[in-house]
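Asker: Sequence:
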Amino acid sequence: MRAEERSHEIKVGHPPTRHLQAGLTVCLLAGRLVGVETRQRQADRTRETKRKLMEATVECLVERGWSGTTTTLVAERAGVSRGAQLHHFRTRGELVAAAVEHVGAESVQQLRERTGNVSGTRAVVEMIADFYASDLFTAALELWVAARTDPELKDLVIDLQHKLGRETHVLALELLDADESKPGVREAVQATLDLVRGLALANQLTDDSKRRAHVVRHWAKMLEEQL
Numbered sequence: 531m532r533a534e535e536r537s538h539e540i541k542v543g544h545p546p547t548r549h550l551q552a553g554l555t556v557c558l559l560a561g562r563l564v565g566v567e568t569r570q571r572q573a574d575r576t577r578e579t580k581r582k583l584m585e586a587t588v589e590c591l592v593e594r595g596w597s598g599t600t601t602t603l604v605a606e607r608a609g610v611s612r613g614a615q616l617h618h619f620r621t622r623g624e625l626v627a628a629a630v631e632h633v634g635a636e637s638v639q640q641l642r643e644r645t646g647n648v649s650g651t652r653a654v655v656e657m658i659a660d661f662y663a664s665d666l667f668t669a670a671l672e673l674w675v676a677a678r679t680d681p682e683l684k685d686l687v688i689d690l691q692h693k694l695g696r697e698t699h700v701l702a703l704e705l706l707d708a709d710e711s712k713p714g715v716r717e718a719v720q721a722t723l724d725l726v727r728g729l730a731l732a733n734q735l736t737d738d739s740k741r742r743a744h745v746v747r748h749w750a751k752m753l754e755e756q757l
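Residue numbering for the sequence shown follows the working numbering, beginning at 531 and increasing consecutively.
By construction, these hints were calculated from the structure, which means they are not laboratory data. Check the hints yourself; a few may be wrong.
[Said to hold, decoys possible] Quick list of in silico lysine-lysine cross-link-like pairs, DSSO-like style, CA-CA up to 30 Å:
1. 693 <-> 582
2. 582 <-> 684
3. 693 <-> 580
4. 712 <-> 693
5. 751 <-> 712
6. 751 <-> 740
7. 751 <-> 693
Could you build the full structure based on these sequences and the hints that come with them?
Answerer: Below is the structure:
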């Protein structure tokens, strides 16, 4: 056999080590990429499932109240299996608290995005009042009332109340362009939030929008002087 033929056999039968290493590296990278994509798809599905459950929960709270909002009904409305619902939220309390927090955070973000389109104390106070008169407040109210006599739920709601309270207070300061270091400003902003919550509560049984608009206009004038 000629020398060049033997050389050809060696090349074909025994690939160089660096080629093997390169091939293995490609395989490993491909495997990792597939793993990352799989985990990403699973994470996306998890987020979507939880979003459907939380939005369906708020809808049920508004339409049926606390007593009528069962985990079975929520799963049904969300188009999610009971097993999937229980996997993400073990109890009704956990589900409802997460739903109110989720929708609350989204609403706060939407308000923050509208900051540049609203000017003037009155317009800002009206926007905050409308925020509290939304379905989110109705859903949260159902949760708050149920928590009064449910110790386990109460612990969840207290934490949630503190978190949302801080976020809305900071947001109100931003919207009003208020300087909290000035004497009385912090209290005036907090009084604004307390006022619009009270007006939202009064609106639960009857349409109180006309009186609410009048009170908001009057309060905005007083607030402007304080700020």
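Asker: For a C-alpha distance cap of 30 Å, please report whether residue 693 and residue 580 respect it.
Answerer: holds (20 Å)
Asker: Keeping to a limit of 30 Å between CA atoms, is the pair of residue 712 and residue 693 held or broken?
Answerer: The given pair, whose Cα atoms are some 24 Å apart, holds under the 30 Å limit.
Asker: Given the hint that residue 751 pairs with residue 740, does the C-alpha gap stay at or below 30 Å?
Answerer: OK: residue 751 and residue 740 at ~17 Å, within 30 Å.
Asker: Starting from residue 693, check that the Cα of residue 582 is at most 30 Å away, please.
Answerer: Between residue 693 and residue 582 the Cα gap is close to 23 Å, so the pair holds against 30 Å.
Asker: Between the alpha carbons of residue 751 and residue 693, is the straight-line distance 30 Å or under?
Answerer: Distance of about 29 Å is within 30 Å: holds.
Asker: Is residue 751 close enough to residue 712, meaning Cα to Cα at most 30 Å?
Answerer: Answer holds: residue 751 to residue 712 is near 18 Å, not above 30 Å.
Asker: Could you grab the alpha-carbon distance between residue 582 and residue 684 and see if it respects the 30 Å cut-off?
Answerer: holds (24 Å)
Figure legend: structure checked against the earlier numbered hints; every hint is met.
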